[in-house]
Amino acid sequence: MTTTSTMTPTTFKPRRIDPSAVVAGTTSRSSVRETWAQVLAMAWRALKKMRRKPEQFFDVLIQPLLFTAMFAFIFGGAISGSVSNYLPVLIPGILAQTALTVCMATGVQLREDMDKGVFDRFKSLPIARLAPLAGPMIADLIRYGIASVLTLVTGLLIGYRPGGGVLGCVGGVALTVIAGWSLAWIFTWLGTMARSAQSVQGISMMIMFPLTFLSNAFVPAETLPGWLEAFVKVNPVSHVVSAVRDLFNDGAVTAEVGWAVIGCMVVVAIFAPLAVRSYSRKM
Amino acid sequence: MADLSAVRAEGLVKDFGDFRAVDGIDLRVRQGEIFGVLGPNGAGKTTTLRMLATLLPIDGGHAEIFGVDVRREPHRIRQLVGVTGQYASVDEDLTARENLWLFARLQGLTGTRAKAIAVDLLERFDLQEAAERPLSQFSGGMRRRLDLASSLITRPPLIFLDEPTTGLDPRTRGQMWDTIRELVTDGSTILLTTQYLDEADQLADRVAVIDRGRKVAEDTPDALKTQVGDSTLQLRLADGSDTALAANVVRRLLGEEPVLTPESGRMNIPLPDPDRAADVLIGLREAGLGISSVSVAKPTLDEVFLALTGHGADDQPQMEAAR
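Just so you know, the sequences run in chain order E and F.
Residues in the first sequence are numbered consecutively from 26, following our numbering.
Residues in the second sequence are numbered consecutively from 26, following our numbering.
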């Protein structure tokens with residue numbers, strides 16, 4: 026164990042450390058630029074982990090394939106008369122459901138991660154408290170992307186022909202990714218609050234199921250009892266599903282798209298600060 | 026600012042529910058020294074360190090590091106302190122090189138500089154060969170070294186080491202001690218906690234002894250040892266009924282009171298000077314008292330505690346350090 030390095034003699038200067046100089050150089054918070062660099066570094070870490078643990082991709086690979094095919098053939102005839110008539114209704118619905126499942130995994134994985142020793146180091150480093158939360162979420166954009174594209178492709182394979190064309194599909198997938206990322210803040214917040222990964226999973230399930238099934242994702246809202254229809258209409262998932270339907274099936278940027286984007290922004294504006302605050306308090 | 030203390034803590038308090046883990050601890054660590062915090066499990070060492078490192082909120086009292094208030098300026102403190110925990114806080118899923126690169130990037134180093142620092146630290150801590158291996162294949166000693174290396178990326182002026190050698194084999198422990206000594210020659214100040222008296226003795230310039238959340242003594246390791254006696258002569262008599270006779274011989278020769286366990290014929294004799302062990306043995310031979318076993322032991326933490334607090338180190342309230 027020698028102090029000097031022959032390869033890069035300049036980096037580890039033998040100069041003595043001067044504490045007062047270091048104190049003078051400290052800052053009381055990370056600047057926006059520093060924070061951005063930290064978020065990217067954390068995203069890099071999340072990507073590395075994804076590559077080493079491909080089993081993480083199980084949900085984004087299996088669910089789109091399985092649910093799309095299953096729901097189409099089981100409910101198609103009953104709800105829309107035929108499978109091909111049901112697909113334009115179903116595909117955007119499955120897309121939203123898949124995005125929510127991926128969100129849930131974001132929260133659970135964050136919670137698992139936070140129990141690890143390395144989070145102690147993250148806490149002891151002079152980094153923005155936002156970085157350990159936002160980094161993995163950026164890496165998760167890839168997961169939303171894979172899940173959305175895979176759902177769409179499965180749909181195409183079993184006969185879905187979106188009227189919106191390529192542009193409409195790209196728009197729909199993009200909106201799903203945005204919505205998934207925004208809603209993930211809710212689950213990230215849960216992840217910072219809950220005691221264990223299991224409890225995050227449990228709570229998330231309780232949120233996810235009503236949000237997806239009490240929406241227009243799989244059935245037309247008009248067929249529901251009045252009180253339920255009222256809830257379905259204010260459910261943000263319904264707006265996302267309607268917006269994606271408009272994009273996929275008609276290639277139209279309708280008011281629903283606007284509402285969906287606004288809804289996503291509101292969710293981020295509320296839950297991102299809550300998550301960061303709860304995370305900082307955990308320490 | 027030559028008189029500026031590296032750490033100045035007054036009346037630190039930490040409560041976990043009804044349990045007061047740290048109960049008014051004062052610490053003053055001078056610049057450039059190795060300061061040891063000695064105590065058994067659950068004494069509040071780790072909790073104190075974690076409060077000073079901004080990893081736990083301070084419930085009472087006041088702490089400054091190089092004059093910066095710990096409670097009010099946590100972000101500044103984190104730029105001044107490198108923390109190496111009791112459990113290696115490195116990423117299990119990344120390689121050694123990736124770990125160092127990540128921590129360097131997080132602290133604002135450019136990509137190229139982060140790479141260079143990682144190369145440097147891997148070499149300095151003898152980890153080059155394992156640089157690309159996942160951490161799951163690392164030995165305990167390698168993990169600790171990587172953990173310590175991760176704390177040194179920005180060359181912080183103050184380094185916290187929480188039980189740096191607990192669980193390491195003797196050889197690795199010796200290497201760790203060398204590394205720690207080297208850090209001080211760079212101008213760093215070190216605050217370390219330990220359960221081992223000999224570790225404090227080997228490394229620390231001054232030692233605070235912590236017991237049940239309170240500081241019971243603070244001194245140089247030498248002064249602490251004199252309070253306890255340098256070493257102990259442990260004897261076992263061939264015939265247990267001779268203990269009273271043997272005790273008389275010891276009192277006459279050394280003027281020390283031996284600690285007796287008559288049932289087993291054992292006696293522990295504090296030695297002011299290890300040389301005097303021979304005197305005792307000769308004295309016993311002359312008195313015609315047989316010995317079945319004999320050894321000379323250095324004072325243990327238990328004995329330091331017995332001497333300082335009147336109770337052993339074992340009967341501490343068991344309490345996992347709050348993580």
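Quick caveat, the hints were computed from the structure, so don't treat them as lab data.
Since the structure is predicted, the reported quantities are computational estimates derived from the model, not experimental observations.
Just so you know, even glycine gets a beta-carbon here, dropped at the ideal spot from N, CA and C.
Do not rely on the hints blindly, as some may be mistaken.
[What the hints assert, rightly or not] Which residues of chain F face chain E? A partial, calculated answer using Cβ under 8 Å:
{"#": "1", "residue": "G49"}
{"#": "2", "residue": "Q56"}
{"#": "3", "residue": "V93"}
{"#": "4", "residue": "L105"}
{"#": "5", "residue": "G110"}
{"#": "6", "residue": "L119"}
{"#": "7", "residue": "L127"}
{"#": "8", "residue": "E154"}
{"#": "9", "residue": "Q162"}
{"#": "10", "residue": "G165"}
{"#": "11", "residue": "G212"}
{"#": "12", "residue": "Y221"}
Verification of the hints:
Interface hint status for G49/F: violated, as the beta-carbon distance to the closest one in chain E is roughly 23 Å, over 8 Å. Hint on Q56/F holds. Least Cβ distance to chain E is approximately 6 Å, under the 8 Å limit. Checking V93/F against chain E by beta carbon gives a least distance of about 6 Å; that is within 8 Å, so the hint holds. At a threshold of 8 Å, the smallest CB-CB gap from L105/F to chain E is about 6 Å, leaving the interface hint in force.
Annotation: G110/F was flagged as interfacial toward chain E, and the flag holds, the nearest CB pair being 6 Å apart, inside 8 Å. Satisfaction of the interface hint for L119/F is found here, the shortest Cβ-Cβ separation to chain E being roughly 6 Å, below the 8 Å cut-off. Checking L127/F against chain E: minimum C-beta separation of about 6 Å stays under 8 Å; hint holds. This hint is violated: E154/F has a C-beta 13 Å from the nearest C-beta of chain E, more than the 8 Å allowed.
Taken as an interface hint, Q162/F does not check out: its beta carbon lies about 13 Å from the nearest beta carbon of chain E, beyond 8 Å. With 8 Å as the threshold, the beta carbon of G165/F stays out of range of chain E, its nearest partner Cβ sitting at about 13 Å, so the hint is violated. Checking G212/F against chain E by beta carbon gives a least distance of about 4 Å; that is within 8 Å, so the hint holds. With a least beta-carbon distance of about 21 Å to chain E, the hint placing Y221/F at the interface is violated under the 8 Å criterion.
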